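Asker: Taking the hints into account, I'd like the entire structure generated from these sequences.
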Amino acid sequence: MPDPRTTPLHSRHEHLGASFTDFGGWLMPVRYTSDLAEHHAVRSAAGLFDISHMAEFRVTGSVAPEYLDYALAGRLSALSEDQAKYSLVLGASGGIIDDVIVYRLGEQDFLVVANAGNRAAVATALEERAEGFDVQVDDITDSLALIAVQGPAARAILESVPALGGWSASLDDLRYYRMGHATFAADAETEVPIDVARTGYTGEDGFELFVPVSAAGALWDAILAAGEPHGLVPAGLAARDTLRLEAGMPLYGHELSLDRLPSQAGLGRVVALDKEDFVGAAALASVVDPSAPVLVGLVGDGRRAGRAGYAVVDGDTIVGEVTSGALSPTLGRPIAMAYVAPSSSEPGTELAIDVRGTRIPATVTALPFYRRKK
Amino acid sequence: MTDLDALKYTAEHEWVAVDGDVATIGITDFAAEKLGDVVFVDLPAVDSAVTAGQVCGEIESTKSVGELYAPLAGDVVAANEAVVDDPSIVNGDPFGDGWLIKVRVDAAAIEGLMDRAAYVAFTESAA
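For the protein sequence lines, the chains are A and B, in the order given. Residue numbering for the first sequence is 1 to 374, as defined by our numbering. Residue numbering for the second sequence is 1 to 127, as defined by our numbering.
Accuracy of the hints is not assured; some may be wrong.
Computed far set for chain A versus chain B, every beta-carbon distance over 12 angstroms [what the hints assert, rightly or not]:
#: 1; residue: L27
#: 2; residue: R129
#: 3; residue: A169
#: 4; residue: H181
#: 5; residue: A185
#: 6; residue: V270
#: 7; residue: K275
#: 8; residue: A281
#: 9; residue: A283
#: 10; residue: P293
#: 11; residue: R304
#: 12; residue: A352
#: 13; residue: T365
Ranges between beta-carbon positions, derived for each pair [as the list claims (entries may be wrong)]:
#: 14; chain 1: A; residue 1: T358; chain 2: B; residue 2: T2; range: 30 to 40 angstroms
#: 15; chain 1: B; residue 1: I110; chain 2: A; residue 2: L16; range: 32 to 42 angstroms
#: 16; chain 1: B; residue 1: L4; chain 2: A; residue 2: L16; range: 23 to 33 angstroms
Hints listed in this document are in silico derivations from the structure and should not be mistaken for laboratory results. As the structure is a prediction and not an experimental result, all values here were calculated from the model. Even for Gly, the Cβ is constructed at its ideal location relative to N, Cα and C.
Answerer: Following this line, the structure appears as C-alpha cells:
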C-alpha cells in the first residue's frame, strides 16, 4: 500500500498538534484538541476544516450540460451560473458510486467535487461516460486546496479577513448552494482568485473555499487569525463526523454504497427520472423491491451508542443494521442511522440496537436529528 | 501528582498502583489520547471476580471503543463512580482522578508487569 498523501496544509496541522488518520488515502487531522470541543465550537462559533483531500473535476465543453445529465443522476443542465447541486454518480445497476456536489461555473463550465476515497472510481466513470460527448474532463484535485469555515460565526469571520476582497457579491447575498468569487492577497505581490461556496457538511451556516495550492497556507493562516476573536478553532474529521451525523447527512461507505439504491437512502428526489437517458436509468425505471431496507434515524437514551455494523432488532428479530452511530454531543443522547425493513421504519417505532451484547432501546425518528436555528 | 515511575504498566496501556494487596487500575495518557474524548465507561461490578488478561469493561470515546483488560486476577473492591458520571475525568487526569477500578490481588503477581522505563520504550515503538 502506498503511503497516504498529505494536503498542502499538513505542516500547519502538525504545528497545531493534530492527531492524524488515514482517510481515503490521505493523512488527515482527526482532532487538534478534543473532538467534543471542536464539535461544540462549530455549533456555537465556527470551525476551520482542511478538506483538501476531496477530489475535484473540471468539466468543460459545449455539451457539458447534456453530458452531466447523462453521467450523473440529477438534471445538472438546469443549474444557473454559480448554482450548486448535490448529486450522485450511479452505476448501471442504479447503485451509488459516489455522492458529489456539482457547481456550475459558466455556460459550459462545471466543477464536480467528489469524495477522496472515490476519486479513481469517479474519474473512470466520468471518462467512460464522455464517449460520444465533445467534453473535456480534467482532474484538478492536485491544483486546489479546499478549506471549510462552518458555524454561525462563519460569515462574520470571512467578512473580517483583511486579505479577502473583490467579492462578486456580498456574503449577505450569497445564498445556500450558491458560489461566489473573491480575491485573496496571499502576500504583498500575489493576489489569487478564490471560489467561495455556501455549502457544507455540518448542518450549520458555512462556506467552502477553493484556493490554489500555492496560497492555501496563507489563506488558512488569515482565516484562523481573523476568526480567533470570534471563537474559530481548527476542527478535525472526528468532529466532522459527529456534526454531519447530527445533521442527518450520509457518508459514502456507510449510508451510501454500490449496494444501495438512491430511494433506499431517501435520495430518490436526487434522481431526475424524467431525463431522456442517464446511467442507471434502466435499473431505476423498474419497480423497487418493496422489502428493500430503508434509511432511518434512531435515537436512544443513556450514553451507549450503536456503531456501524451493529444489528437493529425488534424483540428477538433482526430488522436492520446500523450504518453510523455516536453519542450526539449536541443532543447528549445516542443517535444512529440504520437501514431497516420498511415495516419497522415508521417514526416512533420502538426498536433496539445490539451494542456489543447489550440491547439498547432506540426509537425510529425522521432525519435530521439536529436543525440549526435560522 | 502521581509518581509515574512508581506505577506498573501493561501492553494494553493500563497502569497499576499497588497498596498492600489492593491494585488500583486505570488507562495511561497514551491510551486516553488515542481514544479521544471518553464519553462512557463500563466497569465491572464491585465484588465480581476478574481474570488476568480478560476483558472486564469498556472505555468508549466519541470515535471508538477501547477494552478494559484486567491486568491481574482478583476481586473488584471499588469502581470509580465519579468517572462513570463524568467520563471526561479519564482524559483530564488519567493517572489520578481517572482511576477506574480497585482489585484485591495476589501482590506477587505485580512483578510480571512493565516498569515505567519499559512502558515508555514500548509506547515509543508502538507510536
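Asker: Against the structure shown, which of the earlier numbered hints fail to hold, in ascending order?
Answerer: 11
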